[in-house]
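Trainee: Chains as they are written, first to last, in the working numbering: chain A, 2 to 381; chain B, 2 to 381; chain C, 2 to 381; chain D, 2 to 381.
Source of the hints: derived by calculation from the structure; they are not laboratory data. All values reported here derive from a predicted model rather than from experimental measurement.
You can't tell identical chains apart in this list, so a pair holds if it fits in one copy or across any two.
Quick list of in silico lysine-lysine cross-link-like pairs, DSS-like style, CA-CA up to 25 Å:
id : residue 1 : residue 2
1  : K279      : K150
2  : K342      : K4
3  : K342      : K298
4  : K279      : K298
5  : K67       : K121
6  : K279      : K264
Protein chains: 4
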Amino acid sequence: MKKLNIGLIGYGFMGRAHSNAFRQANHFFDLKYQPVLKAACARNEENVRAFANSAGWESYETDWRKLVERDDIDVIDIAAPNNVHCEIAVAAAAAGKMVLTDKPLAMNGIEGREMVEAVKKAGVPNMVWYNYRRVPAVTLAKQIIDEGKLGRIYHYRANFLQDWTISTDLPQGGQALWRLDVNAAGSGVTGDLLAHCIDTAIWLNGGISRVSARTETFVKERFHNLTGKVEPVGIDDASLFMCDFANGSLGLFEATRYARGHKALYTFEINGQHASIKWDLHDAHRLEYFDHRDEGKLRGWRSIHVSDNGGDHPYMDHWWVPGLQIGFEHSFIHQVADFLKGLETGEVTQPDFENALITQNVCDAILSSGKSGQWVQVEN
Amino acid sequence: MKKLNIGLIGYGFMGRAHSNAFRQANHFFDLKYQPVLKAACARNEENVRAFANSAGWESYETDWRKLVERDDIDVIDIAAPNNVHCEIAVAAAAAGKMVLTDKPLAMNGIEGREMVEAVKKAGVPNMVWYNYRRVPAVTLAKQIIDEGKLGRIYHYRANFLQDWTISTDLPQGGQALWRLDVNAAGSGVTGDLLAHCIDTAIWLNGGISRVSARTETFVKERFHNLTGKVEPVGIDDASLFMCDFANGSLGLFEATRYARGHKALYTFEINGQHASIKWDLHDAHRLEYFDHRDEGKLRGWRSIHVSDNGGDHPYMDHWWVPGLQIGFEHSFIHQVADFLKGLETGEVTQPDFENALITQNVCDAILSSGKSGQWVQVEN
Amino acid sequence: MKKLNIGLIGYGFMGRAHSNAFRQANHFFDLKYQPVLKAACARNEENVRAFANSAGWESYETDWRKLVERDDIDVIDIAAPNNVHCEIAVAAAAAGKMVLTDKPLAMNGIEGREMVEAVKKAGVPNMVWYNYRRVPAVTLAKQIIDEGKLGRIYHYRANFLQDWTISTDLPQGGQALWRLDVNAAGSGVTGDLLAHCIDTAIWLNGGISRVSARTETFVKERFHNLTGKVEPVGIDDASLFMCDFANGSLGLFEATRYARGHKALYTFEINGQHASIKWDLHDAHRLEYFDHRDEGKLRGWRSIHVSDNGGDHPYMDHWWVPGLQIGFEHSFIHQVADFLKGLETGEVTQPDFENALITQNVCDAILSSGKSGQWVQVEN
Amino acid sequence: MKKLNIGLIGYGFMGRAHSNAFRQANHFFDLKYQPVLKAACARNEENVRAFANSAGWESYETDWRKLVERDDIDVIDIAAPNNVHCEIAVAAAAAGKMVLTDKPLAMNGIEGREMVEAVKKAGVPNMVWYNYRRVPAVTLAKQIIDEGKLGRIYHYRANFLQDWTISTDLPQGGQALWRLDVNAAGSGVTGDLLAHCIDTAIWLNGGISRVSARTETFVKERFHNLTGKVEPVGIDDASLFMCDFANGSLGLFEATRYARGHKALYTFEINGQHASIKWDLHDAHRLEYFDHRDEGKLRGWRSIHVSDNGGDHPYMDHWWVPGLQIGFEHSFIHQVADFLKGLETGEVTQPDFENALITQNVCDAILSSGKSGQWVQVEN
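Isolated chain A, as found in the complex (with noise of 0.2 Å):
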């Protein structure tokens, strides 16, 4: 057993997820690697102490420049916001380590290309937390797909829909709300939640090369926790966007704050041929399945429990028995084993930063359609 220590930064949510993915994955997988909690970083010392302690961190810092020289470390996870994602990143991979980071990759795609450039020229391992793809009816679906089961695609839908910011109460900026500061999370619901539509669609449907988008700032002023005063809101609370992929399907996509009664309401839908799947993250264990090829007089949407341990579907041998879910936090611990088993196997596990660049620059994109009201090409 190769011991790969880690050194994780930040402690939000997103830091909570993937230390329990570093804890849990070999508990349940059979790899050859295993991560140690080794330390954990964040400015604030008690907070970061604090979390340390509960979530199983041998040490903590309160610099990530500390953190990325100590030798003791091999791997730098940045689950910190946006705007540090490259700086940080640049110098791991300058140090030697292997980078992993949060979703999505950059505040941009010249910060994102300067990351990938840099974990070349370093020449190690890097990953972004896509996490989706892992979730194993998603998975399952992309081996459907990979079978060919589809025939030609038609049409890619999807949304990803919340209503937490509907209050104009709600302050932008500071150590939870972050993504409401625009300086800190370089877009809104674009690069938060579309982010994963997108690395979803061109995992399952291939690239897409044009746009044509809508932004929409609906609450244009907030309080500022960190300059304590009403601050306009540079962040997109809503943004939907038209395209055509490569393979001449067309694309619908929507992701806002402001969608009351969804939480966190993921959901994508593709139109083969000859068959159509559907999945919603409310109930992440269950994909839609409609043949056309299945007899007349049965044909219907089959709604997959993906639960089966028996072989049937992805990553769920490793867990309980059939009819029984797992969790949102599933989908990283996942994403870690996968990740160990592409360094025993030697194996680039995907999305690397290269792949999530793709991602980013399809943002780019929708952020630049959404203010010329043109349809923009996707830079390649």
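Assemble the complex: chain A is given as a structure, and chains B, C and D must be docked to it using the hints.
Mentor: Chains B, C and D in isolation, oriented as in the chain A frame:
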């Protein structure tokens, strides 16, 4: 086109549904017989006149004996309370009329047998309005089962849940509330709701050999509209039973009018060795189907939208286009169409009185078991 | 009771639905006017005779001009392809007839304006069959919105998905397939399907100011039934658009006939500050409602079974009992009932031609934007 | 932080779930006690070593008596077949250990009472793993009921449907299949599945006074892994029962392993005067709730996504963000957390042995009634 003159007794909910079926059948089905809405009959002249007018009946009577005697009537259709089914049916048969009656067949098996003998002796076509057999999704279930797709059957479960009598202020007896009056209804949910479940069950899964039941009256007394006094409630408010089918499968049934949130939740499910089927009246146009022989990773309950007008789904080629629902009343239209087709071909349209007597006998056994607490053999 | 003599042009799917509505309305609604199915009209004599016979029309014509000229006709109802709406409607109005036409109003806005002017000049009642407004669940949505339960609106999304033209072997043109022939239909899914979505959207959420669309024709050429040759396909197979509503909310719409597994999946969702609403034609009797003001731990999407006949749900007091569905065709019956009631009261029944022209103008803007790739202002 | 040394017996499905719960509880709950995974125990040395290694146990034993004798063990946790619960628990209690055991408590009530007496005499904390009480949606149901929101209760129905023993080729007995061996399991689905349903039912709806049951063994003989011969099957394959609750409501329960299409379909529904509740393990993160007091036109079953981490939903403030599911195993983590909290506060964590004996007595009554065909009073 042969005219078939109908005389209808009763103008309540069922009287309206029957009338509509007689009016509509020939507009959607190609038939050699055509019902003529000749006369409606009820005791209250003002009401029956208004009903005849709105529902399209040519004339009206206030005494069912007169109706039965009319030479211009070919068919007597009884949509009146259960306590008059037997007397009217026997008289109608004796007068040489075809006889249709609403379900259940009678107040009990004794009456039922008398009715069967009467129509047999008279040699007149007869039928009971167990309309749910002719909801297309239910008919489709029958086709699937008859094709042997389910294999050996292990379980049949059904319930019929309502919530309209929870209030203790609701009176019993009289026009709209005769179903709460044991003298008019014979029983409560057993004859009203379970009878539907049993008719479908026997049709789909064969005979029932014995039952063990639990009946309950939650509200022990109610104001009686006919006596003007608070009177004991003689009907069963809830009725549950376990049973053995002749094919070795186990049955579990429940009906109640005290299930808050359910209006007419008639559901059944049948589990076979290879496949299972579910149906729910609240979404009557859907049939759920699971087939274990599907490819492992793609197995799931299929939600079949039973609306194909191209030949895949029974009756639906007479209606609209795929994806569009029909309503509750269409099951009655289908029953009329099948009855008329049966007159044309000479084939008996089911359920006739004899067939409906089987369900009546199961109801009797349930009520008997509910009293004795013992398993009771069903009379054959 | 005042008789209202109807002359119907066309005997396809819509001709059958209109006929049924005229026959049924007075049996379920208390109205002062009663439609008389006076004459059906179509070019093929054999077909129109058979149709008139089965659908209950007293006579037939083979030339619509004759029908328009008949003194015994009060109302001309156009259930023929889009390319004849304008000519017939203008002639009928000139002859002093009331005019009903199937949707969309016309081939385009120019024709639509001509029709509006004709009926205004003639001063005749007129209406377009956007029947989905009168599905009880949709009418209930309107009531909820009009009561202000949703608060400020942020999002409206709708789609209308079908899958019946995926096969490249399907020809275009002629009796049953005129919807694929651009000369008869004017457009593809834009006028056929999106028009329904837009009519409902404007009714529920107010005017649309501008659109950005993407239209696509997946199958570029098909055999043409009228020319006997393979011909280019002129219609849009799929049509997607983003839009701005006048109230500041964002709209996202999609229609296609290439979404495998969907037969007539017309859905809409509207997200407000306090509450949201969803509907789906595949389960047309249900309305989904989420209210954030519900007690926190009990908040959830409510699945309202719109079948209360006690007054809670629009139109349903004319039908059966709670829990029992009505069908697709009932929306047409409701529209006839409302139209007749409008004649009685003098109130204009919507949508009239003028109202339907608004939807036509949005359709024109979509098709224009689909060609130019630009945002297009909707003409008013 | 007080360390609590655990000794686990068994390494199957439940052994893995318990191990995970001990490992995870303190990472997500703020507790004064911390479990230490001290030793795992099973007869096969190779297997138990591998298990201890992957699941994180510090040591292992191959004789449970040695484990019970070890001074460094505070808690004995029994995740072994039912036939050893009693002997081990009694010995562990006598050795002064706290005792946890998987459900059902014992082979029958006689053993159960012996176990209750043993832990009482020893004065040691004890608990049975009826984990489903601590699925957040089920705990929420309990809260709603305890607040009195349902009013008088009329009906309780539950079932637990599986389909994994339909094949006659499946053997009985031995490691993975002891549940089919009556000598190891005591009963079939009654103790395995109905026990869960009964525990929840009594917790939510109070005591059961009498039952009438129907048990069946569909496959009468199977190859036995321990004897190497085809042997009679002694367990019940299916078990159905009706019952009376002390509060006057009627119960209807069913469990089977022959319901094709269901993997672990544990559902319950409770109907009260004002409101009703439904739950389904297949979508364990949702609770369905209907409240008749809602405004008439807006009444409907609410699908509550029990994932609020802001305080509305039990346990969920320890997990992720709204809209994100947790898994099956989290119910065990919650049970450990509650048990540790109980040690801290001195409050008994339920269900303890005494409480679980009530369910055992109902199971005994079911099996007895299944044999006699009579209603059987539940022993208290």
